[in-house]
Amino acid sequence: MNRREFIYGVNGGLGALAFHSMLRAEETKGPLAPKVAHFPQAKAKRCIFLYMAGGPSHIDTFDPKPKLRELHLQKFKRQSKFLSAMGSGERYYVQSPFNFRQAGQSGIDLCEHWEHLADVADELCVYRGCQAESINHPTANYHMNTGNRFGGDPAIGSWVTYGLGSENQDLPGFVVLPEVAYPQGGAANWSNGYLPPHYQGTTLRAKGSPILDLHPPKGVTRGQQRSNLDLLAQLNQSHAARRPGHTELSARMDSYELAYRMQMKVPGILDLGQEKETTREAYGLNEDRTKEFGRRLLLARRLLERGVRFVQAYTAGWDSHDYLGKSHSERIRSVDQPIAALLKDLKQRGMLDDTLVVWCGEFGRTPDNGKRGGGERLGRDHNKNAMPIFLAGGGVKKGHIIGATDEIGDTASEVAHPIRDFHITLLRLLGLDDNKLTYFHGGRFKQLSQTGGELIKELVA
Amino acid sequence: MQTQGIQLTAAVLLLAGSWAHAVEVPADVLFARKIQPLFKVKCLTCHGDDPEKLKGDLDMRTRAGLLKGGESEEPALVPGKAMASPLYLAVTRAHEDDWSAMPPKENDKLSDEQIGYIKEWITADAPWPDAKRVAAILKEADPWGETDGVMVKTSGGLDAGWTNRKYDPQKLWAYQPVSKPAVPAKGHPIDAFINARLPKGLAMAKHAGAVTLIRRVTYNLTGLPPTPKETFEFVAAWEKDPESAWVALIDRLLASPHYGEQMARHWLDVVRYADSAGFSNDYPRPHAWRYRDYVVRAFNADKPYDQFVREQIAGDELKPNDPDHLIATGFLRMGPWEHTAMSVAAVTRQQYLDDVVNSVGVTFLANELRCAKCHDHKFDPIPTKDFYRMQAVFGSLSFQDRKLPWQKNENLTGIKTDRERYLRLQKTKAIRSITTLPEDDRPVLVFDRESEKIGHGKVNRKRQQQLNYQLKRSNPLAFSVANGANDRIHILKGGSIESPQAAVSPGVLSLFAGSEKGASVTLENSGRRTELAQWIANKNNPLTARVIVNRVWQWHFGQAIAGNPNNFGGTGKQPTHPELLDWLAATFMEGGWSFKKLHRIILTSAAYQRAVAHPTPETMAKLDPNKTSYAVFTPRRLTAEELRDAMLAVSGELNRALGGIPAHPEINEEVAMQPRHIMGSVGPAYQADPKPAQRNRRTLYAERIRTLADPMLEVFNKPGPDVSCERRETATIAPQAFTLMNSPINHARALAFAARLEKEKPNNLNLQIVRAFQLTFQRQPSPAEMKFCRDHIAKSLAHHQVTVPVKVEPPKYVIRQMVEEMTGLDFWWVEDLDIYSGNEYVPDLKPWDAKPHTRALAELCLVLFNSNEFIYIY
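First to last, the sequence lines map onto chains A and B.
With the working numbering applied, the first sequence closes on residue 1000, and no number is skipped along the way.
With the working numbering applied, the second sequence closes on residue 1301, and no number is skipped along the way.
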């Protein structure tokens, strides 16, 4: 009896599947098999990417600008040949509604609403130099996620999974935890682009079935499904016997096996009830404000623990064109406790040293605003020249502020780098060389940075 | 305008690949001819083009810069001593501990020959003649002659180094004139060409057999399975006279209206068809469907390809009074595009121009012209100037939705009811407060009323905007273009509109004519596109016919002769059978650019009719590991659309009507109800059409919303509509199994299939099973299969007799939640689903409306839909 007959034998499927893990070692040759990094000495083995969709303001989170107190509501006009409707007309400066303090031994600037993050300030590497190229949400999202403003290219999580494979062959290598509403630009933000489809981000959805059609329709029993799978295996087996040499047949038979394993395993992983009450509380699961993002981060930790290579967690609503004080304080407080809990939890489990944590949005916000509906609104427009970012974990400088913006936060002025350099740096932290992590498509070897760039050395420990 | 392939002598072609190394030249000539151009292409992007941002502080624009070195504070160049020069050590990539490999990207590494030149130059004391001397050297005879490649004359590059560079003639294959090669042997020309390149000692697979063939060709030409009757009749005819039966079958299928649908599906992959515009708002393009149907009509009518090309590029200029000529120009607007208050108008205009030039290049010429946007093309003889000259062809183009009455050849079903529906929606208040729901159904009881008020206002405005677009659909308009005032087109440094350089006049690619003048088109604002179209749709254009016959070949064999159908440049895969490709291209043009003639030639070849199994697989694996010999036919998986259409055809539910406004099949309900961000709001929930006949249309007609993909089609590798797709991916991934095995939509197909079997073969399980096998597999079940199918149904019946299905109805409304940006607080609203709550909606057959026997039989049907035999074509 060969291995396949063994698995698909008369009792095929369910019973036999239990033996599958014994055979796994010989099987991990597929597209998601773990691979050796270009820089095997790199500390970070996995990544969690916290995405603040809408464009969080650097000026009101990690980059205080006291000068704006003097300039508050002072009027001016922007001068440029290339102005959007949003950027033209009379403008006025807006001071931050928040107070700042320096937290931790290292004195990281944090606005007053980062209450919990202050506890782990010495783990953070705040970066003030990154610059985007687009001030439209979807194109800026595509840029931050895929390196290409117009979409269609592979997401960074796809590249990393393509480069490193995954440690768990029963789960996708790249998992995305979106809000119920996807960010602007939709699923193209975690597309595999031109990479093979194994590297596509798999969404574990916030509501309903975590993976689409993970379970059969209501009312279909497990027994009936088992019986269908057994008949399918029988038909496929006799078909395969008539079609020797057609290798895709066994891959497709395997995919039903994997699907069945996932169907059994995923609900357990998603069951946050298996966590201790103290952990659940720490992530903010008992508070309305923090429970949504807290759930995603706790789930993210469970996935990372099980060998998923790259997890991206979204939270939106940072697009504060008005009522900045109210809206940004709400947003900050909804993520503050969960993020601090995640960092502490990873550290306590010994995972922070080999996990890269990234926090950013698609762009930053302007120090000024334009009139809207006739009134002076206390908010900020989109700013591609400066944005807030912090990193933590594997291979990252701890307790540092890298780079700077000008005195009003209009544009990055020190250690300023485009997104492609930020991407190259993230890849390097994960042991990957952007110049080697390439894929031939459309006439050339393509890469995340599009055409290369440079490492932001200052961020690397 | 001259259009002919670049001329290369046979002698040069023979030299390709056997570079002469033994040329003795003075070192300053070596510098001018080899070293400086090499630095330009491989080094200066980082070490000189932008003197403000020199990587590693190394300036390679001058000898002094190299002698000074970079941040290592060591000279990069030690004249006379290559082994002491970091420049040399870096390019060898063998001293990485001390000097990082350069250029950094592995795939940009220098060839041994190039490294040799650098060594030779350094050893000869690295002379660096001034610009005047370099110019003089370049005027002298080239000591390498054509032994190290050939020059191609163009309108000229941004610098002389590029203008004078040489190309490996093999990589210019696609730019040479198409000549019709002699057929190397008797018999079918295709087979003669294939046999001529067959690896020695490799046998051919035998004929596939009648049943396999009718399944193969019916899916191939129509995207649908053959019926049992068609299969039976073909096999009977085949047994009498195989050849005439095969020809008759091809004729029947080419005459089928579904032929045009299947070919349109291929074409729409290339041109990025969608019914919406993408990006922030993803506004509907309410009349894009007229272009989609134009493509179907064009294939069905066997419109000559040259005409098809001309209509899409310049239909409005050529025959402004012919409806199809106007509709065809929708091609020029197929890409995703958006302008918002946050975009700069000049920037979005430039994005459009960049996109349309690239799209024309990729679609008709298999050249990614955008590679020449920021610099002269790195690999192909396409200067940046040509890219912008092509843009100038479109410089007068403006978008125009032209008034164009509905045509007799268009399917107008549903336009009126569609209009009535949107008018009704405009009048009704389709969003309401969650306070209108019973308390138990509300997501929250306490919320910020101010946020709700601001939020609802925005959501309502946005909804109105969307409804206006949808209402536009009932106005007879064509998604088209017109000529207006001319934009002045400049070469843009680095592709940036902030750095305009010299202005350019309109033109086409200059590599064929060899000069700017020979590749110019009219300066009038009307007629530029006509001239471009005529230059492309021309027997003397070496690319056009090759590109399309190569695509058609792939549509038949699953693999192209030149392996990158969108890239015939030097980096694309070389043709496996160049003579065959040229013979097909020449024959295609001789036949009046007729697709149907081309299909007939291909389908009557023995290559197309071969079996997938090789008599000696070991020999095959050894002699033809990449399966490019056509000794066997390569099996393929059904495409996403074919899979859905085939299930509908087999279940008897398929509405085979052609064309019309976009249909709304059922898609995964969670995705349909999931909020979809559009600027400042959430897009309307996706609702399926009310009647089964409206929903169960061919997938080609399903509305293609860029930010809302049908997840079933997506997992089966339907490509995203933002990038041209030259070939579909077919990889197997686990979510395919989830969709096919678990989706309620496919369960409904299986149930309808079971009901059909019961209706056609009442009260006879054996006959039902036989019929099921015939419909899905085109064959009878074996006795063993019959037995385990019967057993399965008996077991399932026992289960279904004691099980009451859980009734699930489509939702009547959906609750939306957003963060109000102005307050940072959540707000909610209720979106009523007019179709699902109206009385028009008729569901497909559902388990709770079916008898236990039907449900038990449906279990078998579901398994058949999941089986490998159903999903693969041999």
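Keep in mind that the hints were calculated from the coordinates and are not lab data.
Don't take each hint at face value.
[Claimed, not checked] Restraint-style ranges between C-beta atoms, simulated for each label pair:
| id | chain 1 | residue 1 | chain 2 | residue 2 | range |
| --- | --- | --- | --- | --- | --- |
| 1 | A | Ala780 | B | Gln892 | 21 to 27 Å |
| 2 | B | Asn836 | A | Ala780 | 37 to 43 Å |
| 3 | A | Ser789 | B | Trp833 | 47 to 53 Å |
| 4 | B | Lys1234 | A | Leu622 | 42 to 48 Å |
| 5 | B | Gly1079 | A | Gly762 | 25 to 31 Å |
Glycine included, C-beta positions come from ideal geometry on N, C-alpha and C.
For each hint, the structure was consulted:
1. A/Ala780 <-> B/Gln892: 21 to 27 Å: Violated, since A/Ala780 and B/Gln892 (Cβ atoms, about 59 Å apart) do not stay within the stated range.
2. B/Asn836 <-> A/Ala780: 37 to 43 Å: Check failed, 49 Å falls outside 37 to 43 Å.
3. A/Ser789 <-> B/Trp833: 47 to 53 Å: With Cβ atoms ~52 Å apart, the hint holds.
4. B/Lys1234 <-> A/Leu622: 42 to 48 Å: violated, 57 Å
5. B/Gly1079 <-> A/Gly762: 25 to 31 Å: Holds, since B/Gly1079 and A/Gly762 (Cβ atoms, about 29 Å apart) stay within the stated range.
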